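S.K.: Residue numbers (the working numbering), protein chains in the order written: chain G, 215 to 684; chain A, 2 to 202.
Simulated from the structure, these hints should not be mistaken for lab results. Please read these numbers as outputs of a predicted model, since none were measured by experiment. A hint or two may mislead.
The list that follows gives simulated cross-link-like pairs (lysine-lysine, DSS-like), each with its CA atoms no further than 25 Å apart [claimed, not checked]:
| no. | chain 1 | residue 1 | chain 2 | residue 2 |
| --- | --- | --- | --- | --- |
| 1 | A | 140 | A | 75 |
| 2 | G | 269 | G | 461 |
| 3 | A | 138 | G | 269 |
| 4 | G | 529 | A | 176 |
| 5 | G | 376 | A | 176 |
| 6 | G | 376 | A | 193 |
| 7 | G | 302 | A | 32 |
| 8 | G | 269 | A | 193 |
| 9 | A | 175 | G | 529 |
| 10 | G | 230 | A | 175 |
| 11 | G | 527 | A | 75 |
| 12 | G | 230 | A | 201 |
| 13 | A | 4 | G | 260 |
| 14 | G | 534 | A | 56 |
| 15 | G | 529 | G | 217 |
| 16 | A | 138 | A | 56 |
| 17 | A | 201 | G | 477 |
| 18 | A | 32 | G | 529 |
| 19 | G | 527 | A | 140 |
| 20 | G | 222 | G | 458 |
| 21 | G | 289 | A | 176 |
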Amino acid sequence: MSKTLVEKIWDAHVVKSEEGFPDILYIDTHLIHEVTSPQAFDGLRKRGLPVLRPKQTVATADHNVPTLNQLMPIKEELSRYQVDMLTKNCAEFGIELYGLGHPFQGIVHVIGPELGITLPGKTMVCGDSHTSTHGAFGAIAFGIGTSQVEQVFATQCLLQSKPKTMKIEVNGQLGKGVGAKDIILYIIAQISAAGGTGYFIEYAGSAIEALSMEARMTICNMSIEMGARGGLIAPDQITFDYIKGRKFAPAGEEWDKALAYWKTLYSDADATFDSVLTFDAADIAPMITYGTNPGMGMGIQENIPATNAQPEKEKLSYQKALDYMGFDDDASLIGKPVDYVFIGSCTNSRIEDLREVADFVKDKRKADNVTVWIVPGSKQVEQQAINEGLDKIFEAAGFQLREPGCSACLGMNEDKIPAGKYCVSTSNRNFEGRQGQNARTLLASPLTAAAAAVTGVITDVRELLEKVEG
Amino acid sequence: MKKFTKLTSAIVPLNIENIDTDQIIPARFLKATTREGFGENLFRDWRYENDNQPKADFVLNDPTYSGQILVAGKNFGCGSSREHAAWAIQDAGFDVVISSFFADIFKENALNNGLLPIQVSEEFLKNIFTAVETDPKVKLTVDLETQTVSIDEQVLPSGEDLGGAESFEINAYKKSCLINGYDDIDFILAQKELIEEFEKR
Chain G
215 MSKTLVEKIW DAHVVKSEEG FPDILYIDTH LIHEVTSPQA FDGLRKRGLP VLRPKQTVAT
275 ADHNVPTLNQ LMPIKEELSR YQVDMLTKNC AEFGIELYGL GHPFQGIVHV IGPELGITLP
335 GKTMVCGDSH TSTHGAFGAI AFGIGTSQVE QVFATQCLLQ SKPKTMKIEV NGQLGKGVGA
395 KDIILYIIAQ ISAAGGTGYF IEYAGSAIEA LSMEARMTIC NMSIEMGARG GLIAPDQITF
455 DYIKGRKFAP AGEEWDKALA YWKTLYSDAD ATFDSVLTFD AADIAPMITY GTNPGMGMGI
515 QENIPATNAQ PEKEKLSYQK ALDYMGFDDD ASLIGKPVDY VFIGSCTNSR IEDLREVADF
575 VKDKRKADNV TVWIVPGSKQ VEQQAINEGL DKIFEAAGFQ LREPGCSACL GMNEDKIPAG
635 KYCVSTSNRN FEGRQGQNAR TLLASPLTAA AAAVTGVITD VRELLEKVEG
Chain A
2 MKKFTKLTSA IVPLNIENID TDQIIPARFL KATTREGFGE NLFRDWRYEN DNQPKADFVL
62 NDPTYSGQIL VAGKNFGCGS SREHAAWAIQ DAGFDVVISS FFADIFKENA LNNGLLPIQV
122 SEEFLKNIFT AVETDPKVKL TVDLETQTVS IDEQVLPSGE DLGGAESFEI NAYKKSCLIN
182 GYDDIDFILA QKELIEEFEK R
């Protein structure tokens, strides 16, 4: 029987399937961090249970770590306590921890791939909704709640109903200045912040196949922003080349065996999806969001859609979002002053993102009205940026290269955007207060963020790229 | 896990769409390492000014409304997977959340804590909002056994009755967990041999 990629991986991990019950799905790899795990460890203690497979569990501290002076004790008491709890819990239950000071520390969704822990065909979970990132390798990866973290600790399995499948094809060639972040913001704007709920999405088509692994991670990362539990991309030579030689990737005979299996991981030609959507890459412009959910995005040259054009029952919520942002409907954002630029998060903090920004800002200088934070996704990314001299370029441009963590994506540490200020952010959520109480977030690609940093206003990066070439 | 069978209660209406878990419980309150106490920060930034003064116009601060049922616009609980959102709602005294659409992870988190998420049609949701607008004390009855939610009889001066009932879907296994207070870990651990067999494959 022909199957989709999701079905192939899912079926290979079903421990038990019974009518009227969710499947018992085996989980190959469980990633954990300090925020969503402490109550799960407590649950185990109450039940008197061990972590069933500690070797299949990997921990890091990322959500509320400082991004300056990381080797000093964390100043904020509750954050310090939470990070200390993770250290204590990992020691007690025998889990490998890449904590502060470890050369592998970083955002959980950045370190999994770079260490070769994330592999095609795996099932992976984490108490974090952006776990979908790992789907870029052709894995079933999704976010779970803390009760489910406890479930995976205790059983290495998860009770889950098989999701519906959606294929999103993006074909053709991307325009200049348009990247993976623009593709995914465009798709979410087209299908809304709830358009993927209940589905696992497979991204396909020539524009997706042409992307690097890091760009594919940006796409899969934001699947949850349209409600989809996960998103994945069939592994190919680009995937295999990325994995080969990484720290925990299979090697030697194991590699050959794994590779042979990975090459079977694609949706059969006649497999049926519950939903199929097709987009043309040429229609995608650099994107920016204007509202308070990631579905409220538009091409940077467009005007904010009119409130009156919204369905009647949505008008109230729509206008509330614009009021929060301090924007008028039917207005353009071009030329709008910005206060902060944040380049980081599990969406866009990898070395390619940093290289792209460095390449653009070389010999340029940030505008005086803008504070720019660059927060690398991991210690390895940070080190590589320094090795390549990117830190010098950022310094000369007035951009501050900080230490790795989730940082201003959700402002659990000190990296908060002040109330009322505008931040062009490469992160994934523009919810009210996400980056700090009453902070205003505009989601965009690293290039669009860098352009705003340099001009101090919302800018169509294509115009700056043309100047250079012209 | 907390059991649930049947509930009749007044409701707290929150007619806003796409309420994300960052609104339900902002990230700065996720630093606690226990499950208790999140209720006081439920909808923190909608409920309080920056100087911690309650915002009089927010529904949770309006004594007109009370009850154990929260009713909200579509796509409730989108965004972050934080289970703290379900804990906060429950800790604030709610046993049921009604919406026309729930985000997946929130729904699972709620069910894993004995907080019942009920998805109703857009039309029925609108009826509930109209009913509570007409009479803030209107009650709903949620019966998990029969999988129905009903609005108490409420006849308008025009003679129109806003009452009515609708059935809702719930996975049969999850329903039995709620009624009996079972949780998933007990269920999976009962199959431990199967897990070990699977690992040998």
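S.K.: Of the hints given before, which are not true for this structure?
M.R.: 3, 4, 9, 15, 18 and 21
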